[in-house]
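Undergrad: Sequence:
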Amino acid sequence: MKKAISAVVLLLLISATGYFAFRINPAGTEPAGASNTEKLVLTGSSTVAPLAAEIGKRFESRHPNVRIDVQTGGSSRGVNDARAGLADIGMASRALKPDEAGLKSFTIALDGIGIIVNAANPLTALDKQQIIDIFTGKVTNWKELGGNDAPITVVNKAEGRSTLELFLHYFGLKNTDIKAQVVIGDNQQGIKTVAGNPDAIGYVSVGAAEYEAGHAAAIKLLPLDGIAASVENVRNGSFPLSRPLNLLTKTEPAGVAKDFIDFARSADVNDLIEAQYFVPVAH
-1 MKKAISAVVL LLLISATGYF AFRINPAGTE PAGASNTEKL VLTGSSTVAP LAAEIGKRFE
59 SRHPNVRIDV QTGGSSRGVN DARAGLADIG MASRALKPDE AGLKSFTIAL DGIGIIVNAA
119 NPLTALDKQQ IIDIFTGKVT NWKELGGNDA PITVVNKAEG RSTLELFLHY FGLKNTDIKA
179 QVVIGDNQQG IKTVAGNPDA IGYVSVGAAE YEAGHAAAIK LLPLDGIAAS VENVRNGSFP
239 LSRPLNLLTK TEPAGVAKDF IDFARSADVN DLIEAQYFVP VAH
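With the numbering used here applied, the sequence shown corresponds to residues -1 to 281, in that order.
In short, the hints are calculated from the structure, not lab data.
It is possible that some hints are incorrect.
Said to hold, decoys possible - Think about it this way: if two alpha-carbon atoms lie no more than 25 Å apart in a straight line, the pair counts; the simulated DSS-like pairs of lysine-lysine are: (1) 95 x 248; (2) 102 x 126; (3) 218 x 190.
Please take these sequences and the hints and turn them into a complete structure.
TA: Written out as structure tokens, the structure reads:
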């Protein structure tokens, strides 16, 4: 009888406890207090995304009830998602275009776009016309430029990537002009492709390339218009092909989105920006 009474009491306690938990957490899946967690979704540029993720980690450490979700997909996605309200914040590694002027843009760092070749390539420089001739298929073998007798592998960026748009604009080309053997998405794909092919040439973020070259990636950056492709030259404004790294919102940011953007533009994250070989804008 005592065992039966104890079992009934235990069931009653479980029922009462379960009801109490249900009242706090109707979904029954998240821990108590999770309903207070605020999620901030960022989408867009693969150049900005790794930096935004690192800034997000530091922001979360200071705001325990906030979770930062960073997704890539290119600058065009960042613009479109911000405009459509599919993301709280878009990421774009370029300035806004005239037809995008309705969005709010906040620069968090500066970067350059540099030409990369395999570290084993004997050439140390190419002029602007030579680069155009390579990417348009007028020059197809490195020996035509004084290099090895080997066919050139042209690595181009996919549509929707701001790196592609800026490259084409700088060299006065259309994407249909490019005769590419390989089309890649983000910077890491471009770096790995060129590092793995002694006859490849491509273009990526100067910051990303300088970082990877400094960590044993088999690539080297070529100067542009006689100016070395380096973070320092992006910083001093002498490198001719540079760009802002921006966060975007549909309207004037408020709440946690504003707090995150303000934090990303503060000197509190300069070390994170420099660790990824970009140039901070906050002093």
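Undergrad: Could you tell me which of the hints above the structure violates, numbers in ascending order?
TA: Number 2 only.
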